[in-house]
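> The hints should help you fit chain R onto chain L, whose structure is shown.
Protein chains: 2
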Amino acid sequence: MTTLNERLAWRYATKKYDATKTVPAEKLERIIEAVRLAPTSSGLQPFELFVVSNADVRAKIRTVAWDQAQITDCSHLLIFAAWDDITPDRVNMMFDLTNDVRGLKNEGWENYRQQLLGIVAARGTEANYQAAARQAYIGLGAALIAAAFEEVDATPMEGFDPEAVDEILDLKSKNLRSVVILPLGYRATEGDWLVNLKKVRRSRDSFITEIK
Amino acid sequence: MTTLNERLAWRYATKKYDATKTVPAEKLERIIEAVRLAPTSSGLQPFELFVVSNADVRAKIRTVAWDQAQITDCSHLLIFAAWDDITPDRVNMMFDLTNDVRGLKNEGWENYRQQLLGIVAARGTEANYQAAARQAYIGLGAALIAAAFEEVDATPMEGFDPEAVDEILDLKSKNLRSVVILPLGYRATEGDWLVNLKKVRRSRDSFITEIK
Numbered sequence: 047m048t049t050l051n052e053r054l055a056w057r058y059a060t061k062k063y064d065a066t067k068t069v070p071a072e073k074l075e076r077i078i079e080a081v082r083l084a085p086t087s088s089g090l091q092p093f094e095l096f097v098v099s100n101a102d103v104r105a106k107i108r109t110v111a112w113d114q115a116q117i118t119d120c121s122h123l124l125i126f127a128a129w130d131d132i133t134p135d136r137v138n139m140m141f142d143l144t145n146d147v148r149g150l151k152n153e154g155w156e157n158y159r160q161q162l163l164g165i166v167a168a169r170g171t172e173a174n175y176q177a178a179a180r181q182a183y184i185g186l187g188a189a190l191i192a193a194a195f196e197e198v199d200a201t202p203m204e205g206f207d208p209e210a211v212d213e214i215l216d217l218k219s220k221n222l223r224s225v226v227i228l229p230l231g232y233r234a235t236e237g238d239w240l241v242n243l244k245k246v247r248r249s250r251d252s253f254i255t256e257i258k
Numbered sequence: 047m048t049t050l051n052e053r054l055a056w057r058y059a060t061k062k063y064d065a066t067k068t069v070p071a072e073k074l075e076r077i078i079e080a081v082r083l084a085p086t087s088s089g090l091q092p093f094e095l096f097v098v099s100n101a102d103v104r105a106k107i108r109t110v111a112w113d114q115a116q117i118t119d120c121s122h123l124l125i126f127a128a129w130d131d132i133t134p135d136r137v138n139m140m141f142d143l144t145n146d147v148r149g150l151k152n153e154g155w156e157n158y159r160q161q162l163l164g165i166v167a168a169r170g171t172e173a174n175y176q177a178a179a180r181q182a183y184i185g186l187g188a189a190l191i192a193a194a195f196e197e198v199d200a201t202p203m204e205g206f207d208p209e210a211v212d213e214i215l216d217l218k219s220k221n222l223r224s225v226v227i228l229p230l231g232y233r234a235t236e237g238d239w240l241v242n243l244k245k246v247r248r249s250r251d252s253f254i255t256e257i258k
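Line order of the protein sequences matches chains L and R.
Every number in this note's numbering is 46 more than the matching position in the first sequence, counting from 1.
Every number in this note's numbering is 46 more than the matching position in the second sequence, counting from 1.
Isolated chain L (complex conformation) (with noise of 0.2 Å):
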């Protein structure tokens, strides 16, 4: 098996999907769960991920979406979907889940949640979305990760209109806002400008500093 930066080397932002692919039913539920698996802040999870290959709605998406062929060539297009807000609701679900998981309470962790509520209510509706958008991220880069571990090709895309997007998934009724989104399947190496094109990226002296 080849290591993680093999594997984060042979990734690339793929531009041209060969549509006659799909990727299989086990390697798109190992990318999920990735997803489901990654770590988020207080363990909140604050986001929801929706997996379409329905293609009217992936038709629909790709209009407001810079009309990128990728959408709708793909095979999976995932959408990244934070919380609109971390209500107190959301978060007693979570601490409660958490109880129920592990069969206990502890005064530590009830203190928590008194805590992280009294944080979240200070903070406000716009702020909480921007915590959850942040962590939405810590799952792409899950997702991405794990399509390139199954030799899967995937695209994270800014490029959308999110208001539109929440429109055509109904994501207001669910008080979720789209943030991120990433289309998954087979490169089609033919048609892709960027495929033979040199990975770029800044040299380790001008992106890490160590401080000994």
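Rather than coming from a laboratory, the hints here were simulated on the basis of the structure.
Keep in mind that a hint or two might mislead.
Heads up, the list lumps identical chains together, so a pair's fine if it works in one copy or across two of them.
[Stated by the list, open to error] Simulated crosslink set (DSS-like; lysine-lysine; CA at most 30 Å straight-line): (1) K62 x K244; (2) K245 x K73; (3) K258 x K106; (4) K258 x K151; (5) K258 x K73; (6) K67 x K258; (7) K244 x K73; (8) K106 x K62; (9) K244 x K220; (10) K218 x K258; (11) K220 x K62.
Showing chain R alone in chain L's frame:
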């Protein structure tokens, strides 16, 4: 080699580190490299990574981070610091670097540069910072997963005063803002209340929606 999801199941937010153990240089290097290789929106890499082993600096950071012992007991402390704005200079730096590395200039890419310069100018400093911070969380996801593959423990932390950390590391002069920190090291199983508790995640049904 174990699979990604086995590694994600193994990892947890370590509460107690063995202060006598150090992450070997080659493992640390691979974790850092995963962050550097992680993808970001438009390839901007709009953040930097600080790797702090210095004891005095870590002691100072601990005082502005709820006195969390992991900060001083861990082996190395990673600090993800996002660009405080996405300025034209920074956009041009990355687009110029891309042209240098690939040894070519093309019209599509240059048009995209102009489009992106327009977007970040219209969006303004605060929204640009928020966008940069989200990208740092992709890097955080990569670091977490890379650490798990190296069998290195890690604790993602947002519980610190970002402005105080910026001051300690003089980030303002570099036009950076700290967004999340990650102690790396080895768990001290004896003193860790979390190590034997079950991992809690919402069920697949309440986290994933398939649109077929």
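> Each hint needs a verdict: does it hold in this structure or not?
Hint check:
For a Cα distance limit of 30 Å, the shortest separation of K62 from K244 inside one copy, 17 Å, qualifies, whereas the shortest one across copies, 42 Å, does not. Proximity of K245 and K73 under a CA criterion of 30 Å is satisfied in both settings, with 25 Å inside one chain copy and 23 Å between copies. With identical chains, the CA atoms of K258 and K106 are at most 30 Å apart between copies only, with a shortest distance of 14 Å across copies and 52 Å within one. Taking CA atoms no more than 30 Å apart as the test, K258 paired with K151 passes in neither setting, with 41 Å inside one copy and 40 Å between copies.
Within a single copy, K258 and K73 get their C-alpha atoms only as close as 42 Å, which misses the 30 Å cut-off; across copies the closest is 17 Å, which meets it. Taking the shortest alpha-carbon separations for K67 and K258, only the inter-copy value of 16 Å comes in at or below 30 Å, while the best intra-copy value is 50 Å. For the homomeric pair K244 and K73, the shortest alpha-carbon distances inside one copy (27 Å) and between copies (25 Å) are both at most 30 Å. Proximity of K106 to K62 under the C-alpha cut-off of 30 Å is restricted to the intra-copy arrangement: shortest distance 19 Å within a copy versus 49 Å between copies.
For the homomeric pair K244 and K220, the shortest alpha-carbon distance between copies (28 Å) is at most 30 Å, but the shortest distance inside one copy (41 Å) is not. With identical chains, the CA atoms of K218 and K258 are at most 30 Å apart between copies only, with a shortest distance of 20 Å across copies and 48 Å within one. For the identical chains of this complex, K220 and K62 are neighbours neither inside a copy (32 Å) nor across copies (38 Å), given an alpha-carbon limit of 30 Å.
Violated hints, listed in ascending order, are 4 and 11; each of the other numbered hints is respected by the structure.
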